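Undergrad: Produce the complete structure using the sequences and hints provided.
Top line first, the protein sequences correspond to chains A and B. Numbering-wise (my numbering), the first sequence opens with residue 1 and increments by one. Numbering-wise (my numbering), the second sequence opens with residue 199 and increments by one.
Heads up, a few of these hints could be off.
[As the list claims (entries may be wrong)] Here are the in silico distance ranges between beta carbons for each label pair:
| hint | chain 1 | residue 1 | chain 2 | residue 2 | range |
| --- | --- | --- | --- | --- | --- |
| 1 | B | Ala291 | A | Ala183 | 43 to 51 Å |
| 2 | B | Met290 | A | Ser178 | 32 to 40 Å |
| 3 | B | Ala291 | A | Asp116 | 51 to 59 Å |
| 4 | B | Gly217 | A | Asn96 | 55 to 63 Å |
| 5 | B | Ala214 | A | Glu66 | 21 to 29 Å |
| 6 | A | Met92 | B | Tyr239 | 19 to 27 Å |
| 7 | A | Ser178 | B | Asp382 | 35 to 43 Å |
Hints were generated in silico from the structure; no laboratory data involved. In this text, all values refer to a predicted model and were calculated from it rather than measured experimentally. All C-beta atoms, glycine included, are put in the ideal place defined by N, C-alpha and C.
2 protein chains.
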Amino acid sequence: MESAVSFEKLIEQFKAMPGIGAKTAMRLAFHVLSLTKEEAYEFSDVIKEAADKIHRCPECANLTDEELCPVCKNPARKHSVICVVENVESLMAIENTNEYKGVYHVLHGVISPLDDVSPEDLTVKELLTRVGEGGVQEVIMATGSSVEGELTAMYISKLLKPLGVNVTRLAYGLPVGSDLQYADSVTLMRAIEGRRSL
Amino acid sequence: MESAVSFEKLIEQFKAMPGIGAKTAMRLAFHVLSLTKEEAYEFSDVIKEAADKIHRCPECANLTDEELCPVCKNPARKHSVICVVENVESLMAIENTNEYKGVYHVLHGVISPLDDVSPEDLTVKELLTRVGEGGVQEVIMATGSSVEGELTAMYISKLLKPLGVNVTRLAYGLPVGSDLQYADSVTLMRAIEGRRSL
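TA: If you want it as structure tokens, here you go:
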């Protein structure tokens, strides 16, 4: 199909996005063309603005467009408790519970020998420096329960323990509201292991 | 969750897109943040460029960034046969067959009283003017086989016939490669009605 060059370029941009195939890319490109010129310019500017302003928080590596991220600069948060997460998505998921009052440390990945991701590619060194500066009582390892997530949690906790800090891990068990019969056996085993007295 | 304003704005832009929910919007926004500054600027510029350059072809209402669309300006195409389609997506689907050698007319919608779309909202007037100028032998109504697509095809063909042009409609029948047993009864009925001698 011979079609407009700028249109093809637009489709290519969307196609490069995760989980977006050829058909969806075309649908999104058509959406952009259906915008008024003002709306399209706004979309364009928002992307540029995000690229210009958003950077990693120097404290916790969360994404922010201010000097410190909203969590780190909030004096009401407990700066003595650090929750270590894989990525900003995980951080947001925990924030959405509205329960956690400590601060974070975003690794921006997990250790994965298969994908050639080593601790140097993550913000592990920054975490150690941060804990080494003192004032931290607890580090919660909140990486996922995948093999890589486990490996990363184990690796970091080994480095942290000599610093005299309390390292904890998220609890494993049944998801709330789930049926026992549908739980996989590993989860069920972990739920039994981690049982608590009532 | 308190998060960066520019990031929220980016998510909002993606959320406004068709078929993009909150989670996907966030994933796409993270993708944009994972781009280098140069890549993000390019994405931003591509959107602006598309908004600036792409317009409707004055001949057939296809989208183009040149004076005429690639189909209309191609002298090798049969300008005496016009295929009337609902939208540019349909045009592209037909182009992808590499079989059709005529030109197009894009309606940019179908008549739909329920959605308050009347013929005046489409490029029906432009089609009539185009056919009225002469030189057109056949108009193929290639709107979809939905109720609205049918209605639009009927409506336009009634207006075209007095102009002495041959109006045809796409064939209905079984999709190629499909099993008879899974065809819906309306399609099957149409396939029987439209049977051809071998």
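Undergrad: Hints the structure violates: just list their numbers, smallest first.
TA: When the structure is compared with the hints, numbers 2, 3 and 4 turn out to be violated.
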